[in-house]
Amino acid sequence: MSVKQISVFLENKPGTLNAMTNVLTKHNVDLRALSLAETTDFGIARFIVGNTLETVTILKEEGYISSLTPVIAAEIADKPGALNEVLQILTDNQINVEYMYASLGSKNGTAYMIFRVQDYKKAAAALESAHVRVLSQEDLAEI
Amino acid sequence: MERYYQPEIECASREAMIEIQNEKLVKQVKHVWDNVPYCRKKMEDAGVTPDDIKSIDDLHKLPFLSKADLRDAYPYGLLGTPLKDCVRIQSTSGTTGKRVVAFYTQHDVDLWEECCARAIVAAGGTNEDVCQVSYGYGLFTGGPGLNGGSHKVGCLTIPTSSGNTERQIMFIMDLSATILCCTPSYAAYLGESMKEMGLGPDDIPLKAGIFGAEAWSEEMRQDIQNTLGIKAYDIYGLTELSGPGVAFECSAQNGMHINEDHFIAEIIDPETGEVLPDGTQGELVFTSLDKEAFPLLRYRTRDVCTLTREKCSCGRTHVKMAKPKGRTDDMLIIRGVNVFPSQIETVLLNKGYPANYQIIVDRVNNSDTLDVLVEMTQEMFTDNLGEIAARQKDLVEGLKSMLGIKAKVSLVAPKSIARSEGKAVRVIDKRKI
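If you read the sequences in order, they're chains R and L.
All residue numbers for the first sequence refer to our numbering, where the first residue is 1 and numbers rise by one.
All residue numbers for the second sequence refer to our numbering, where the first residue is 1001 and numbers rise by one.
Quick caveat, the hints were computed from the structure, so don't treat them as lab data.
Note that the structure is predicted; figures quoted are calculated from it, not measured.
Any given hint could be a false lead.
As a list, the in silico PhoX-like pairs of lysine-lysine whose alpha-carbon atoms are at most 25 Å apart [what the hints assert, rightly or not]:
id, chain 1, residue 1, chain 2, residue 2
1, L, LYS1231, R, LYS13
2, L, LYS1311, R, LYS13
3, R, LYS26, L, LYS1415
4, R, LYS13, R, LYS79
For the chain R half of the interface with chain L, some residues (derived, Cβ under 8 Å), not all of them [claimed, not checked]:
id, residue
5, SER7
6, GLU11
7, PRO14
8, GLY15
9, SER35
10, THR39
11, ASP41
12, PHE42
13, VAL56
14, THR69
15, TYR120
Glycine included, each C-beta is placed from N, C-alpha and C at the ideal position.
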């Protein structure tokens, strides 16, 4: 089980991220999770939204270059040690985390972590068999 | 079996060709002296009269004509015949300054189309061929020139003009087009589109392509030949002289034969104006020998290339010009090294990037810097920073081996490079020297 992350190419200079969030705001897109990766001249904004395909279409129309990447969204308890437990499961299964970030909102003491791994099916199976809740694309709309 | 449109001219002995050129040059100089006051004044200033020009050996005595002259004389100053004898104009895009407007009498149109017909026959064309002309039709010389040449050869001509890829492909397939004329970048694009539709080189009826009007590399030729299953031939020309067909490639595919019975080519040192021997790189200069309405003598093209008179396997005797290496007016000297934007473009295209780039030259701490901005494309983009960085590094290395100096490559947002009249501004030189 995986969810689709949108990755957008942005130049690394003042105002580019803001210009993109302006577009998202205009179309009332709600960001569930967001992270930025950058080099000296460009960066990639990675984020999760409820209505992925619609958002990609909007970005394309506005002239942005983006791609979709399958990532794992795992529900963890919002308390010390919870992330450590989940990472332990991945370690035990020899799964390398390319990058990860946390979701923006949480409810009732739960948080969501986004993991990018090479074999997301294997990672999802490992987490689920250890009773960690892995979110589907449909679940995203709920959180 | 090599075929020629006009074998008696294309394969004439050097002696016979010199005789044709001598006779035409003397006549042409007189025509210009009598009918183009602007050029007469230039000749007077240089102390030359038609009496001084007795053969092509005297050509070097004539003053040069430059792009600046064309600008000064715009629009009618270089006209060699009354307007009532002119039947056509063609014009350049004018991205590097004022538009060039060239005039043609019916005779001028005929000789231009004849040059294009030679190119089509050299590419294997006969009256049994179906020739699709996908160059733009209009002020641009590409469409009208090849269209006329195709008629002269007797090909069934499909005047699709440029654009509308789906329709281009439909005509190629439905009417079994055998020859394609367009810019090399459009040929590559058509090839990719057909590949995506599942059409392989064996499914495509095309056998030859005549591609020009922009710089392209040998690697690009191989790519186009492989995807379309054709032989791809280069063609050269400029509006000032007539249009495409001033020079064209033959079966040897290693340089373009100049139509010497219509145009005399010289290579000069762009700094001193001195004529250089064959085989030496320099600026290409043309003298039109029998153009009536727009008779240019010693016109400096600003294209940098070499000429060769080595015997050609195709049997043609006309001098061959190498692919222009760049232009004198856009040559940059960076850290003492000559850099042509076209070299940078070649590297980008060879590595699969689109030609959306900008070169920024600056001077930091007394040392020149070269930054190449490349627009990110959907095809290049991936979520993996490392992968993009690796491609960037590969591009830096490719540029280093082509230019001999190091360039910085920056990836920028799509459509962020400033465009003027639809064409990107290629070079920004911020150095204050």
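Checklist entry - Keeping to a limit of 25 Å between CA atoms, is the pair of R:LYS13 and R:LYS79 held or broken? => result violated (36 Å)
Item to check | Supplied contact hint for R:SER7, tested at 8 Å Cβ to chain L | outcome: At 4 Å from the nearest chain L Cβ, R:SER7 passes the 8 Å test, so the hint holds.
Checklist entry - Does the CB of R:PRO14 sit less than 8 Å away from some CB of chain L? => result Violated. Min distance 13 Å.
Item to check | Status of the R:THR39 interface restraint (C-beta, 8 Å, chain L) | outcome: holds (6 Å)
Item to check | Interface hint for R:VAL56, Cβ within 8 Å of any Cβ on chain L | outcome: violated (11 Å)
Checklist entry - Can R:GLU11 be said to touch chain L, with a Cβ gap under 8 Å? => result Hint on R:GLU11: holds, closest Cβ of chain L at ~5 Å, below 8 Å.
Next on the checklist: Tell me if the straight-line CA distance from L:LYS1231 to R:LYS13 falls inside 25 Å.
Outcome noted: With Cα atoms ~46 Å apart, L:LYS1231 and R:LYS13 exceed 25 Å; violated.
Item to check | Interface hint outcome for R:GLY15 [beta carbon to chain L under 8 Å] | outcome: Result: violated, 11 Å to nearest chain L Cβ.
Item to check | Given hint R:LYS13 paired with L:LYS1311 - CA-CA distance at most 25 Å | outcome: violated (57 Å)
Checklist entry - With 8 Å as the cut and Cβ atoms as the points, is R:THR69 at the interface with chain L? => result Holds. Min distance 4 Å.
Item to check | Proposed interface contact between R:SER35 and chain L, which counts if any beta carbon pair is under 8 Å | outcome: With a closest approach of 11 Å, the R:SER35 hint is violated.
Next on the checklist: Min Cβ distance, R:ASP41 to chain L: is it shorter than 8 Å?
Outcome noted: holds (4 Å)
Checked against the numbered hints given earlier, the structure breaks hints 1, 2, 4, 7, 8, 9, 13 and 15 and satisfies all the rest.
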